[in-house]
Amino acid sequence: MKFAYYPGCSGKGTSVEYEISTKAVCSALGIYLQELADWSCCGSTPAHATDTLLSAALSARNLSLAAEAMKQSGATKLATPCPSCLANLKTARHHMANQEFRRKVDKLLDSPCPPLGPKGEEPLPETYSILQLLVEDYGLENIAAKVTRPLKGLKIAPYYGCLLSRPAPIMQFDDPENPTSMDRLLEALGAEVVPFPLKTECCGAAMGIPRRDITARLSARLLDAATTFGADMIAVACPLCHMNLDLRQEQAAKASGVSYDMPVLYFTQLMGIALGLPDSDLALDKLSVSPAAALQKIGKEISA
Amino acid sequence: MDSINLRARDEAFIREVEKESGQNISTCYQCGNCTAGCPCGPVYDLQVNQIMRAIQLGDKKTVLEAASPWLCVSCSTCSARCPNDIDVARVMDTVRHIGRREGKTKYVINAFWDSFLQTVRFCGRSYELGIMALFMLRTGRFYTDLDLAPRMLPKKKMPYLPHLIRGKAAVSRIFKRFNDMQQYDD
Amino acid sequence: MRIGVFICHCGSNIAGTVDCAQVAKNATAFPDVAFATDTMYACSEPGQDAIVAAVKEHHLDGVVVASCTPRMHEPTFRRTVERAGLNRYMFEMANIREHVSWIGKDKEANTNKATELVRMAVEKLRRDAPLYTKKFDSVKKVLVIGGGVAGIQAALDCADAGIQVVMVERETSIGGKMAKLDKTFPTVDCSSCILGPKMVDVAQHPNIKLLAASEVTNVSGYVGNFTVSIKRRATYVDWSKCTGCGLCTEKCPSKKTPDKFNEFMGPTTAINIPFPQAIPKKAAINPDYCRKIKDGKCGVCAKVCPTGAINYEMQDEVITEQVGAIVAASGYDLMDWTVYGEYGAGRYPDVITSLQYERLLSAAGPTGGHIQRPSDGKEPKSVVFIQCVGSRDRSIGRPYCSGFCCMYTAKQAVLTKDHIPDSQSYVFYMDIRAPGKMYDEFTRRAMEEYGTEYIRGRVSCIQPNGRGQYLVRGVDTLMGKPVEVLADLVVLAVGVEGAKGAGKLAETLHISYDHYGFFMESHCKLRPVETNTAGVFLAGACQGAKDIPSSVAQGSGAAAKVIGLLSKPQLESDPQISVVDIKRCVGCGKCVDVCPFQAITKQSIRGEVKAQVIEAVCQGCGLCVATCPQGAIQLSHFTDNQILAEVNALCQC
Amino acid sequence: MSVLTGKELRIVGFLCNWCSYGGADTAGVARATQPTDLRIIRVPCSGRVNPLFPLKALLSGADGVLVSGCHPRDCHYSAGNFYARRRLELLKEFLPIIGINPDRFEYTWVSASEGQRWQQVVTAFTDRIHKLGPAPRFKDAEPIYDLPGALTSLVRPLDCGGNPALDELKQQIRDALADGHLHCVVGWQQGYDPIHATPLHMRKPEDVDRLIWGPFNIHSTANMITQLIKEAQDAAMVGVKRGDPIPPAKKVGVVVKGCDSKGLVELLQEKLIDRNAVEIFAMGCNGTVSTDRILAKIGNTAARVSAVSGKGDTLTVTADGTEYTMSMNDIAQDKCRACKMPSAKVYDHFAGEPVTVAEDAVPEPAAIMAYLDSLTLDQRMGFWKGQMERCIRCHACRNACPMCVCREVCVADSREPHWVTQDDTVTNKFFFQLIHALHLAGRCTGCGECNRACPVGIPVGALKMQTGRIVQRLFDGYQPGTDADAIPPFLGYEVEEKNIPEHHIERA
Amino acid sequence: MTICFLATEGLVPWLAKLAQNYRVFAPRREGKAIIFRPWKEGDKAPVPLKATVAPKGVMFPACETLVSYKTTKDPQQLDKVSLTLKAPVKAEPTVLFGCRSCDARGFVALDKAYLGGKFKDPYYEARRNATLIITHTCDNPTPTCFCTWVNGGPASPEGSDVLMTAVQGGYVLEGISQKGNDLLAGSGLPDGSDKLNEARALRTEAAKRVTPRKDLSKAAERLKARFTDMDFWIAQTAKCLSCGACTFMCPTCQCFNITDEGDPASEQGGQRLRSWDYCMSPMFTREASGHNPRMVKAARMRNRVSHKYWYSTEYSPDGRFSCTGCGRCIAQCPVSLDIREIVVKAIEE
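Chains A, B, C, D and E, in that order, are what the protein sequence lines are.
Mapping the first sequence onto our numbering, position 249 (from 1) lands on 249, and the numbers just tick up by one.
Plus 1000 on top of the position in the second sequence (first one is 1) and you've got our numbering.
Plus 2000 on top of the position in the third sequence (first one is 1) and you've got our numbering.
Plus 3000 on top of the position in the fourth sequence (first one is 1) and you've got our numbering.
Plus 4000 on top of the position in the fifth sequence (first one is 1) and you've got our numbering.
Pulled out of the complex, with its shape left as it was, chain A reads as follows:
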């Protein structure tokens, strides 16, 4: 299995543990991720909040690179771990089905984007989340078969965030109200998944810098719920969610007046643990809230 890979900017910075664990897990599963050479930023929320066209052009540059790379390497799909990048890349492609829009995008680029082409042989690739590819393409049974350290007894609140399955017509993945792909993945790893009702509630996204009051309030809600439902930890699939719940956990605590000690792990880190990968592949030390206590439940010791 070979996928073209778009890491997204945060993977090289604030979500470096996501990046490390994603690569390690894929490698352990025999999935080859081919990182796009010279990829650039998709523009994230700032771009699409500024202009649809600008946002699409920033994404289109990367889609063009991916098209070329996939032609060369024979990679079958384009993958990214970051839901925000995913949303931008998918939305750009979605809009570019409109010829008029696409002409405008092409005008912003050095050279025009390859066409969408007929279904099945699209030169301009669709983007998929790592989560989707692991669950749908690689398959849960195949993952379960490779688990060496089941996460037995670990109660995990699966938190998807808002972007992974929304807007449904563009994302085309899982149930927008009650996604279950990560639930099933965690179950395949042997964990106990708590019925977390706030799976897709917003964490406040990038408001952390300009309006920390908003993120603090929203994150607190999530941390409250996870605590109430008895979770040992929260699993996430998004760098922004992670930042708001982990890095800013204290800010949230301040806002709600409750103190939390809720570890927040990327699902890939949990996969890494279950697959028995070495600590260097898990980058657990990058987390702000230490999962050491929680992981003791499954007999995993880490230096706090």
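Take these hints with a grain of salt, some might be off.
[To be verified] DSS-like cross-link-like pairs, simulated, lysine-lysine; straight-line CA separation at most 25 Å: (1) C/K2610 to D/K3498; (2) B/K1156 to A/K104; (3) E/K4224 to E/K4345; (4) C/K2056 to E/K4073; (5) A/K12 to B/K1156; (6) C/K2602 to D/K3271; (7) D/K3498 to C/K2504; (8) C/K2056 to E/K4080; (9) C/K2481 to B/K1061; (10) C/K2583 to D/K3241.
Keep in mind that the hints were calculated from the coordinates and are not lab data.
Mind docking chains B, C, D and E on chain A? Use the hints.
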């Protein structure tokens, strides 16, 4: 308080929003579901359904002067649950686009976005420390997230230097052409 | 042939934008036209008299009137030409009002267009032939499908008028949805107290034959002479012996059988009588849960039955009935609300439908009339009602208003307060639709006297808070603020759709139905209980969401139509039907295959297979004509040559 | 009647009485302004609209044709529009092959209450037709007389070496004939020279000696079958008096190649023959040849062939004293090049081993279709005009067709209905071919007999191939004559048609 | 007799000259078929082969208007209707170029039907008189040819006005009829007498290549005897598809149907059409009552064969067959039904 002037309906504005967002605003029947599910509703000055109503009325001034669109986190919950299948989040995006073109960029978030895009423009990728620096310069809020620095820096989660990519000039040209096109359009 | 052409001015309706005199003049040049004139109002008495006079004076044998739509006045003018001594089918109309004068102001173009339309009508008329109706006998018996309140009303009205009634009910008791209700709005009187006597009347009426636990499987024939196949489902109880004593239900060990009548709010026994007032009050076994039928071990009911009515070997049985008319009263069902992920999609035990709540309120229900929430049996103190779940929601393909939810929600809020005085009800609504007599007053009482909190806005989501309550997140659009309420119980006013299986029933009855399983009436305003299939009528919510008064009114309406139809000594057939030219027919049977009405059969003529049209069954759609490769079957008045003549009148190059 | 020059174009509408005609009335009552071009023909139901009506209009001067009925499910007659949808979609997709822009034909659904929608439909459609301008007329098209000669590749290797199981086949037939339960058995024998076979009717065991099997068995045996069954029935009736019980007729035997068996299956499917009335003798087919191609290889259309012998894929022909060798690749009939069913699947006797073709082999599209697809619409119209000019209306195409069972009651000769006149204008001649093609839609098994039978070589089969392509696309690869239990697509419908798009007449 | 020589390269200019004064019909290739079409200046040289369809349509078109008629109403008095009739009996001067001898002999057979009796068909007669037939003698008989069996031959002059034989470097043209001789005399072509022997030798050679002759002199007598032998006819006809390919391509088949088309009251008026009909069709003899004396195809085949080799010998003064042995009915028959075989069997068996 002003009364609503129904005859001052700005049809061009309604069409502009509808065209750019691709949504039919008139199908909104004001059930309020967008507001009900909005995570930011409590901090909005004008609720999402009220923004929609103001667009229906062609009340451009009210729409563009509202702070709410600039507080929206684009989580698309409103779109997912709209009983009339309106992509409300896209309407909010569109309101921001129009606002930006009309110079309504007085909000803190604009400073953040601009800082972000500026780093992309020059480096090809976003550069987190650069964003913080530019944001503080723009807003004068030098204390922003200083409390997080002790957690971030030792873990090496914020590289000191930007990732400069080979194609950074190509990315930069996208921004340039975009700005040129905007001016030409205006 | 001698044709007369009459161009109507319709005052200025036509003449305003069409040069009628010129059209008449142009018409004189058309083949076989022996007379052409314009006239002020062709449909007026002098206008019609002028046509009659012209037919006589000019010895016309066909008439073309160019005026309004034939859907309006074709019957009028057919009577006129008949009065003039012609066959009523020797008449054609050109629609130069709705299709010409009213849709454009270019007089030159309109006059030209009107001329061409007249030309087409003339060419068609030249190929018309006189047609004659046939008379036939009808069976003075009606089939009523569905034993809800609408069907009961229709059946009783017909039976009282002396018409034999066969009532077919899918469940083991009649009563329909109304039997499940605790009270009815706006009077808050007891539902079973007012319905019960009517159900008993059905059981006792000498003209009504009641077939419960039965379904219509096939309908053939035509108005006045339908043959209906009815499947009588095996109940495993011989109803001729069952006295309804209920001993069996007490002793049945299979006590976890889902209780459909109680909307699955509690279990019942494998052998049961759905409710105390059931008609017929007979026990029936649910074979999926009966231990004897499933595993062959048990037989308790057979042992205790004092009359020996239990028969585990019972089989489904198909019977046929001959009827002259059919009333469809198959009612409604709630739509599948689990599409609402934000309301838990059925995962939350204390989020229930209004009909389930009705069973909790009912003294005959699973909780004996005590409101106990399903998860823990506790009495809820905070009850949230959410309106329009599956109504007025295009995103899930349900754009329509279900009509009666506003009213029953108000009723349920009132009853909640009656049952639990220290409770608080909240109603999230978009608009309150209460247009009936005393309806709005009733909703006002709910708010003013019972303190129900009405919040104008939709609910975005319901989230369990982990402490046994549900956080309902809505909005008060009047205040422009989000609202959050902690609820012990949430009741969804789920939208309605045609009853399960309505589409299949419609196809069996050869009537149309919409995307939501509602049957199509002939005309939304003027023929609300008729269908496009002669002899099939509609009553109640099968046609669209309806409350009890409307259903009862429509039941009586359908009955009036049936009585009117079957009181005629004989029925007449429309002669605009298909006719087989047996010399051309090769007997391939393609017409038989496609006919939506089974109006064509194969017959053998001197050893050769030929198609044969059953005149009274044929509805004149012409599908067979478009199917027959030899053109051996032709639709009278719309023959291939007639339509070709119209095409040729327009296209000749 | 002529259109208002310069102002209007000729647009014909067929509207069902109950919905769309009412919708047009509603639009009128609402005074919804519309273009004046459209002329409405009122029909009871869209199911009444034989696709030949719009086709006739388009071929005789209409610039646009619009059919409108009740919305699916709302049909006054419950299912008429479901049938109409399939037929009208067929027509729309058929038009391009004869050079008519499919945009000139549209069908839609408008209910009696949708006055506004009707206004939009009329306005948009009229606008569309005006944008397209006056329709090119068939009679004015620039004729193309030539035919493409390209050969497509073979989907499987062909063999002209005869079939080793011929003796087994002969014995099976002899035995059956000796048993006396057969009226006759149809096969092939050598004709007036070794490269021409001719059908053989075997009635006595000794007739079987003449039976041949090989590349010259080009004729369809399926097309004789309905007549022979009738003949057998008549024979049984000889001497039977009125009132006597009707004696059972003898069976008709038929020897089939794969393609012939498809014809039989389709006849069974349409209940045109009774399975018990036929006894099927099958053998695997290794491909048949085109005698024209053999003569072309020899280079003399008057060549006198004295002997032929086949070995593997090579045929050796002795003509006028000279030996010519040729490969099946150069002389095989077009249909055999693409044949994926060389052996019958429905039979009573099978001699030898079935010949099979790889399941996943994909035949190259027929040369004539590739050629037509490469032409512009105007050129296609000219092509048919040029070809049809030489049609002499001998109806060999029709009579050779196994699926044409109307025979003496064919609409080509009838005045009631009067679809075609006796006038031999090229339009009139062509219209008959269009009737034939549309009557065969969803039924044509692709046996190619119409092409082969045409004495002047008009590729009329291409019209049927077009219907075949459409049927395959619309009905998930449906192949007529392969499943005796399948309902022919135009005698059925689905409430939701998976592959038939909703046609939107765009807003003006 | 005028004999001229036409060089190969002179053919097209000569046709062009003829085309100035005549409608010229000549064979050309269309697809796999060879069809007679109007030839005009600029066209290529005609194909020197037997046409797929006999050229009888030049005299006897596949469809022609016998009468056109139209009614006109008096606008003042709608009951007053007048009828106008037009019967277009006229023919332009025509040259039929490049037919075979079998084709030209076909016209002699058609003459019997259309000009032979008491009533002459004016439409046919006009065209016949206005047409000059230049026959290309046959140098390439096909396996289905049997002209010599029916008293013809590859170079039979019967029915032709000019015989044209291909020789080295060109053609020898021989005037046969007065019309033909006049045409050649005025043609300005050089004398070709010197090449006549070469031409004759080639013709003799061609005649040898025709399928060896069988004696059909007893055909009429034997067919008469076979008339009631239905088993014979059923056996011979079993494979027939009842199509019209044989009759429509035949140079001697003369049957037609008459239908009224159009509407006299319309702008276009009505037309009475005469169009080819074929006796192999079950419709051919169907009577208005529905009764059909030749319901089965065996009866129809018997009629066709008998007509050609028996009836015609009785009604034609010279006792000739109504068949010229062109073999088209065999070559183009979709089931390769061989009329020779039927006749021979009728005689032999």
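Outcome of the hint check:
A hinted pair counts as satisfied when its Cα atoms are at most 25 Å apart, and C/K2610 with D/K3498 does not qualify at roughly 35 Å. For the hint pairing B/K1156 with A/K104, the CA-to-CA distance comes to about 40 Å; that exceeds 25 Å, so the pair is violated. A threshold of 25 Å between alpha carbons decides the hint, and for E/K4224 with E/K4345 the separation of about 13 Å falls inside it, so the pair holds. The suggested pairing of C/K2056 with E/K4073 holds, with an alpha-carbon distance near 21 Å, which does not exceed 25 Å.
The hinted pair formed by A/K12 and B/K1156 meets the criterion: a straight-line CA distance of about 10 Å does not exceed 25 Å. A distance of roughly 12 Å separates the Cα atoms of C/K2602 and D/K3271; the hinted pair therefore holds under the 25 Å criterion. With a CA separation close to 20 Å, the supplied pair D/K3498 and C/K2504 stays within the 25 Å bound. Annotation: proposed proximity of C/K2056 to E/K4080 holds, straight-line Cα distance about 19 Å (limit 25 Å).
Between C/K2481 and B/K1061 the CA atoms are separated by roughly 21 Å; this keeps the pair inside 25 Å, and the hint holds. For a cut-off of 25 Å, the pair hint linking C/K2583 to D/K3241 stands: about 23 Å separates their Cα positions.
When the structure is compared with the earlier hints, violations turn up for hints 1 and 2 and for no others.
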